[in-house]
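Sequence order for the protein chains is A and B. Using numbering that gives the first Met the number 0, you'd call the opening residue of the first sequence number 0 and step up by one each time. Using numbering that gives the first Met the number 0, you'd call the opening residue of the second sequence number 0 and step up by one each time.
These aren't lab readings, by the way, just hints derived from the structure by calculation. Some hints could be false.
Stated by the list, open to error - A short, non-exhaustive set of chain B residues, derived as facing chain A with CB atoms under 10 Å:
1. 24
2. 25
3. 26
4. 30
5. 51
6. 52
7. 55
8. 74
Stated by the list, open to error - Negatives, chain A to chain B, calculated, CB over 12 Å:
9. 20
10. 68
11. 69
12. 78
What the hints assert, rightly or not - Simulated DEER-style distance windows between Cβ atoms:
13. A:92 x B:78: 44 to 50 Å
14. A:29 x B:97: 45 to 51 Å
15. A:29 x B:2: 44 to 50 Å
16. A:104 x B:76: 52 to 58 Å
17. A:72 x B:44: 26 to 32 Å
18. B:20 x A:87: 25 to 31 Å
19. A:65 x B:19: 29 to 35 Å
20. A:40 x B:46: 17 to 23 Å
21. B:59 x A:40: 21 to 27 Å
Where a beta carbon is used, it is the ideal one built from N, C-alpha and C, also for glycine.
Chain residues, written in single-letter form:
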Amino acid sequence: MSQNPPVTKAYHDVGGDDFGPIPTEDGAYQLWERRVDAMMRLLSSPQVGLMRVDELRRGIETLGEDVYNAEPYYGKWARSLAAIMIEKGVVTREDLDAKIEALRVERGLKR
Amino acid sequence: MSVAHFAVGDRVQVRNLEVEEGLAGHMRAPVYCRGFTGEIERFCGIFGNPESLAYGRDGQPAQPLYRVRFRQIELWPDYRGAAADTLEIEVYQHWLKAS
Chain A
0 MSQNPPVTKA
10 YHDVGGDDFG
20 PIPTEDGAYQ
30 LWERRVDAMM
40 RLLSSPQVGL
50 MRVDELRRGI
60 ETLGEDVYNA
70 EPYYGKWARS
80 LAAIMIEKGV
90 VTREDLDAKI
100 EALRVERGLK
110 R
Chain B
0 MSVAHFAVGD
10 RVQVRNLEVE
20 EGLAGHMRAP
30 VYCRGFTGEI
40 ERFCGIFGNP
50 ESLAYGRDGQ
60 PAQPLYRVRF
70 RQIELWPDYR
80 GAAADTLEIE
90 VYQHWLKAS
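Produce the entire structure from the sequences given, and follow the hints as far as they go.
In C-alpha cells form, the structure reads like this:
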C-alpha cells in the first residue's frame with residue numbers, strides 16, 4: 000500500500016526520520032526544566048484550566064522550524080506556554096519581554 | 000459524540016485529511032502512516048477531538064480512538080527487520096476509513 004497522493008511532512012512530524020542510535024541513559028532534569036513542567040501542570044490543572052496539552056502541542060508546532068530544531072524539549076514547552084498565554088491575554092508580550100530583560104540585568108546575563 | 004464504527008480486526012486505511020478536506024494546523028495522524036492500511040488492534044475509548052481542543056474549542060464531536068497495527072515492511076521501503084514486525088499507533092476515527 001503506497002501513499003497517494005503524496006503529502007508534505009511538517010518539520011515537527013519526524014516519525015521515521017533517521018536520528019541515529021537512541022540514547023538510553025537517564026539524564027538529570029535541570030531546575031528550569033522542572034519549573035516548566037510544573038507550570039504546564041499548574042496551568043492545565045482543573046482548578047486553573049488555562050491550558051490543554053493539545054494547545055501545548057499546537058504551540059510547539061508553530062514555533063517555526065529554526066526554533067523547533069534549536070530548542071531542547073522543555074525549551075519548546077516554555078516557548079509554547081508563553082505563546083498560548085499571550086494568545087489568551089493572560090500575559091502580554093511586552094510584560095513578558097520586560098520581565099525577561101529585568102531578570103537578565105539582575106543576573107548579569109547577556110542578551 | 001461520534002459512535003465507534005470499527006471493531007477489532009477491521010482493516011482500515013489512514014486518510015489524508017489535509018489533502019482530502021483541505022485541513023491545516025494541528026493534525027494528529029503522522030504522515031508516515033497516511034494512506035497505509037492496517038488493522039484495528041483495540042478500541043481505546045472516546046475523547047475530545049484534539050484538533051479542536053488545540054485551538055481552545057470544545058473538542059466536540061468527541062472522537063473514538065483506536066490502536067491500529069501496521070506491518071513495518073509496508074510502512075518503510077528500506078525496512079531491514081523481521082517480516083513479521085509490526086508498528087502500533089493510536090489514530091482517531093475521523094482519520095480512518097474502511098479498507
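Results of checking the hints against the structure:
| no. | hint | result |
| --- | --- | --- |
| 1 | 24 | 7 Å, holds |
| 2 | 25 | 4 Å, holds |
| 3 | 26 | 8 Å, holds |
| 4 | 30 | 4 Å, holds |
| 5 | 51 | 8 Å, holds |
| 6 | 52 | 4 Å, holds |
| 7 | 55 | 7 Å, holds |
| 8 | 74 | 8 Å, holds |
| 9 | 20 | 15 Å, holds |
| 10 | 68 | 18 Å, holds |
| 11 | 69 | 21 Å, holds |
| 12 | 78 | 16 Å, holds |
| 13 | A:92 x B:78: 44 to 50 Å | 46 Å, holds |
| 14 | A:29 x B:97: 45 to 51 Å | 48 Å, holds |
| 15 | A:29 x B:2: 44 to 50 Å | 46 Å, holds |
| 16 | A:104 x B:76: 52 to 58 Å | 54 Å, holds |
| 17 | A:72 x B:44: 26 to 32 Å | 27 Å, holds |
| 18 | B:20 x A:87: 25 to 31 Å | 28 Å, holds |
| 19 | A:65 x B:19: 29 to 35 Å | 30 Å, holds |
| 20 | A:40 x B:46: 17 to 23 Å | 20 Å, holds |
| 21 | B:59 x A:40: 21 to 27 Å | 25 Å, holds |
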